[in-house]
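Could you put the whole structure together from the sequences, leaning on the hints where they help?
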Amino acid sequence: MIRYIVRRVLFLIPVLVGVAFCVFTLLYLTPGDPARMVLGDLATESALQEFRAKEGLDQPYLVQFGNYLYKAVFHGDIGRSYVTKRPVMSEILVAFPYTLKLAAFAMVIAILVGVPCGILSAIKQYSIFDTLTMIFAMIGLSMPVFWLGLLLIILFSVHLRWLPSSGFDTFQAMILPSVALAAQSISMVTRMTRSSMLEVIRADYIRTARSKGQKESIVIWVHALRNALIPVVTLCGLQFGHLLSGAILTESIFAIPGVGRLMVDAIKTRDYPMVQGGVLFVAVAFSIVNLLVDLLYAYIDPRIKAQYR
Amino acid sequence: MTMNANDLLLDIRELTIHYVTDNGTVHAVEGLNLELGRGETLGLVGETGAGKTTTALGITRLLPVPPGVVRGGQILFDGEDVLLKDEEEMRSIRGGKIAMIFQDPMTSLNPVMTVDKQVAEMIKLHRKVSESEALEQAAEMLDLVGIRRERLRDYPHQFSGGMKQRVVIAIALACDPKLLIADEPTTALDVTIQAQVLELMKNLKRQFGTSMILITHDLGIVAETCDKVGIMYAGRLVEYGDTKSLYDNPNHPYTVGLFKSVPDLEEDCDELSVIPGLMPDPMDLPSGCAFHPRCSHAEEACSRERPVMIEIEPGHFIACPVRARALGKA
Amino acid sequence: MNENVEMVATTGGRKTRSQLGEVLFRLRKSPLAMFGLAVVLILIFCALFADVIAPHSYSKQNLSHMFEAPSRQYLLGTDEFGRDILSRLIYGARVSLQVGFIAVGIALFVGGLLGAVSGYYGGWIDNGIMRVMDVLLSIPQTLLAIAIVAALGPGLMNLMIAVGISAVPNYARIVRSSVLSIRGMEFIEAARAVGSPDIRIILKHILPNSMAPIIVQSTLGVASAILNAAGLSFIGLGIQPPYPEWGAMLSGGRQYIRDYPHLTLYPGLAIMITILALNFLGDGLRDALDPKLKR
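Here the protein sequences come in this chain order: B, C and U.
Adding 78 to a residue's 1-based position in the first sequence gives its number in our numbering.
Adding 124 to a residue's 1-based position in the second sequence gives its number in our numbering.
Adding 2 to a residue's 1-based position in the third sequence gives its number in our numbering.
Honestly, I wouldn't trust all of these hints.
EDC-like, lysine to aspartate or glutamate: derived pairs with alpha carbons at most 16 Å apart [stated by the list, open to error]:
1) U/Lys31 <-> C/Glu212
2) C/Lys326 <-> C/Asp300
3) B/Lys293 <-> C/Asp210
4) B/Lys293 <-> C/Glu212
Distance windows between CB atoms, simulated [stated by the list, open to error]:
5) U/Ala40 <-> B/Lys293: 45 to 51 Å
6) C/Glu274 <-> B/Val141: 54 to 60 Å
7) U/Ala40 <-> C/Thr149: 33 to 39 Å
8) U/Gln242 <-> B/Val95: 31 to 37 Å
9) B/Ile378 <-> C/His421: 56 to 62 Å
10) C/Ser216 <-> B/Ile378: 27 to 33 Å
11) B/Phe99 <-> C/Thr316: 52 to 58 Å
12) U/Gln242 <-> B/Ile83: 44 to 50 Å
13) U/Ser183 <-> C/Asp131: 51 to 57 Å
14) B/Glu277 <-> C/His421: 43 to 49 Å
Read the hints as simulated data drawn from the structure, not as lab findings.
Source: prediction; values computed, not measured.
C-beta atoms are modelled at their ideal positions from N, C-alpha and C, and glycine is treated no differently.
Encoded structure:
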């Protein structure tokens with residue numbers, strides 16, 4: 079097991095360097111002079127030169143990337159905002175908890191609703207419940223998060239006045255954004271659980287369990303479920319990435335001061351280090367979550383563990 | 125067929141099982157009659173699609189529903205009709221009185237459960253024992269089928285096919301069932317392993333005094349293992365008898381064809397004969413005797429009347445009036 | 003159970019329809035897929051003939067008719083500049099479909115090529131390409147699209163490129179795995195044995211045989227491309243006003259949500275129905291193309 083973990087962690091490193099490279103390159107290619115962005119239009123040419131030399135902007139491209147990576151890894155320094163002049167990292171660290179909380183809440187909702195719905199749908203295949211669940215899942219899948227968010231605001235904030243339409247500090251305020259964000263993931267988890275469950279309940283070992291005289295409820299909830307959840311766990315890991323990026327839209331609808339808002343504002347003001355930092359940070363978070371999911375996966379499925387013994 | 129009803133462990137009467145699908149109704153088992161005495165081993169032989177597995181699943185009521193539907197008949201087990209039992213009674217019969225071994229050991233075991241737990245699960249369901257006692261009994265049972273103690277905590281994927289089938293056998297026999305239904309237990313295994321597993325099953329059957337239905341398409345296995353043989357064709361029994369008398373004297377044209385299509389090492393033979401034609405479409409069975417379109421003995425009446433079982437010598441029945449008449453038994 | 007399946011399989015062989023005919027036949031049996039197909043066809047019609055069927059101009063402002071509720075003259079009402087919402091939606095279909103199809107086209111071309119090369123040649127080429135795809139996959143798709151648009155700047159073309167590129171890894175993987183599964187088959191060996199050049203084998207033998215998953219993924223991909231593009235426009239990174247894009251319309255109507263919710267309701271509904279239709283169609287196609295997968 080230790081070997082498996084070490085392997086997975088080591089495998090993560092080149093991927094993260096790759097991500098950093100992509101992000102760095104994308105914004106390196108962006109038109110505009112960073113020195114002028116920082117110092118403003120009135121800066122003299124000599125001041126600009128001085129700034130470039132100090133920041134290493136006159137260095138070759140790969141050297142710049144090396145510096146960027148070195149500072150990011152060893153000093154946690156991923157540049158300074160052009161706008162606020164503060165370190166990008168500290169700005170993101172303030173905002174990230176909101177984004178993480180939002181995505182995590184949505185994930186919990188998706189699992190708590192999606193897995194039971196998927197199971198029931200599979201056990202009662204072709205029933206009215208199954209049909210309705212599948213249609214709802216399809217609608218949920220097709221619902222843009224920004225539109226659903228607005229609909230929820232119209233209904234619950236404007237008309238019913240039950241829940242606030244912005245912020246993320248109280249529990250009430252967290253409900254609408256989390257639900258809006260979760261909708262697509264609920265649908266995905268439901269569909270995946272259903273199809274995985276349908277496959278598993280036809281498996282020979284389920285017939286074996288029944289032939290032992292086991293109760294149908296235990297056959298389903300113990301024998302079938304654990305096997306059926308294996309692909310669902312993988313899906314949840316991938317969904318978390320969608321939730322993190324979906325949070326960008328959700329945050330902008332519900333005025334939540336998370337990384338998404340930070341990035342959208344940064345894009346509008348051409349605050350590229352901030353954009354770069356935001357993308358990098360979310361990608362790293364996503365990779366770490368996927369690492370955790372893989373480890374969980376190995377825990378659930380003994381066949382994986384065995385490969386690395 | 126006649127036999128003293130008290131000696132019968134299993135008595136299937138006019139069992140009819142269909143699969144209802146979008147494309148039509150599959151007549152998997154059609155008016156099947158079958159008897160099994162206590163302590164006997166019955167070989168159920170037939171081609172793929174003859175309805176052997178469906179019969180087995182019908183006896184334990186494990187048919188996939190939908191599409192499976194029992195249309196009629198009785199399955200008397202120990203004198204009681206299992207088709208009339210409620211689900212709870214059925215659960216105590218499954219595993220406790222009737223155990224099953226399925227064809228593919230590769231997929232018959234739960235991949236995320238250690239093997240001792242899978243055996244212990246069976247024991248806990250049918251005996252009043254604690255978790256640790258169940259695990260201990262499971263260990264003994266696994267020992268009996270030749271799985272060493274240090275492998276008890278292994279998962280199915282860590283075993284070879286033959287070893288997995290041993291685990292499956294341990295599960296099936298763990299609660300000392302009266303009837304063991306083995307559905308092609310060796311088909312998925314290597315030939316050398318087949319012999320070992322079969323030998324193991326024979327020994328354990330003797331040791332536990334279990335009756336057995338062995339489903340197979342391998343006439344050789346039947347000859348080695350079984351007291352009685354039933355030959356199935358298109359959902360019906362066409363011939364039934366003591367292994368010796370049926371092998372010495374096969375009489376139904378289908379059985380004869382089946383025997384002729386098996387190579388015999390002791391006789392020189394340049395060419396194996398083949399039964400002409402194909403298995404009938406199970407959604408559209410021929411009228412009368414389902415075999416008549418392929419049968420060289422077929423008469424005009426064969427396509428009209430469904431043949432009944434006729435005893436041609438003591439304990440040996442065929443469902444073929446033409447052959448019975450030729451033998452002077454009709 | 004086994005017996006049953008085999009029986010059905012043998013009888014299924016009796017019907018002799020062409021492959022395409024068989025697929026269409028099965029597709030017709032799914033009402034949801036037919037609904038999806040109908041909506042998609044209507045949308046294509048709207049997009050092609052927007053100039054003819056739109057009752058009003060999409061850009062002409064009419065400040066005396068601002069925020070009007072749906073009426074005879076303006077079937078879905080007017081927006082904050084007095085523009086006809088229905089007409090803007092009809093023109094919006096043009097943008098959305100264009101973005102959906104072109105983005106998927108880009109993704110399919112680049113991803114398909116990479117995947118085919120990767121799967122066909124294997125070895126270090128495969129390894130190299132797939133590691134790059136792993137890197138791209140570890141950036142969530144929407145985020146990647148945002149980063150690309152941020153770098154390229156807003157606009158229709160950049161939007162399509164961003165959404166397309168961000169979907170490349172999906173297609174690369176699908177094409178690669180179908181190529182891998184087909185590459186080992188005997189008819190490919192045979193083609194190679196008679197000396198067909200690689201490119202011919204890929205184009206003539208491998209690609210046609212891996213069409214089914216590609217068609218399904220593309221249909222569903224158009225849906226997610228439209229959704230992604232609308233999301234980008236919503237946060238102001240996509241199509242710029244005054245050209246009507248559904249996501250941008252939603253975004254524009256947002257600030258009037260308390261008093262005039264119809265400004266956000268209809269564009270959102272348009273997006274949802276479009277995505278829903280494409281998803282139904284994609285699901286139906288998957289079932290029709292591969293009946294073994296159908297449950």
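Against the structure, the hints come out as follows:
Pair hint U/Lys31 plus C/Glu212 does not hold up; C-alpha atoms about 40 Å apart against a cutoff of 16 Å. Simply put, C/Lys326 and C/Asp300 have alpha-carbon atoms about 14 Å apart, close enough for the 16 Å limit, and the pair holds. A threshold of 16 Å between alpha carbons decides the hint, and for B/Lys293 with C/Asp210 the separation of about 13 Å falls inside it, so the pair holds. The straight-line distance between the Cα atoms of B/Lys293 and C/Glu212 is roughly 8 Å, inside the 16 Å bound, and the hint therefore holds.
A hinted range of 45 to 51 Å holds for the C-beta pair U/Ala40 and B/Lys293, which are about 46 Å apart. At about 58 Å, the beta-carbon gap between C/Glu274 and B/Val141 stays in the expected band of 54 to 60 Å. Hint check: U/Ala40 to C/Thr149, Cβ distance near 34 Å, so the stated range 33 to 39 Å holds. Take U/Gln242 and B/Val95: their Cβ atoms lie about 36 Å apart, and the range 31 to 37 Å holds.
Between B/Ile378 and C/His421, the C-beta spacing of about 60 Å keeps the proposed range 56 to 62 Å intact. A C-beta distance of roughly 32 Å is found between C/Ser216 and B/Ile378, which places it inside the suggested range of 27 to 33 Å. For B/Phe99 and C/Thr316, the hinted distance range of 52 to 58 Å is satisfied, since their beta carbons lie about 56 Å from each other. The given range of 44 to 50 Å is respected by U/Gln242 and B/Ile83, whose C-beta atoms sit roughly 48 Å from each other.
Here the CB-CB span from U/Ser183 to C/Asp131 is close to 56 Å, well matched to the stated 51 to 57 Å. For B/Glu277 and C/His421, the hinted distance range of 43 to 49 Å is satisfied, since their beta carbons lie about 47 Å from each other.
In terms of the numbered hints stated before, the structure departs from hint 1 and from no other.
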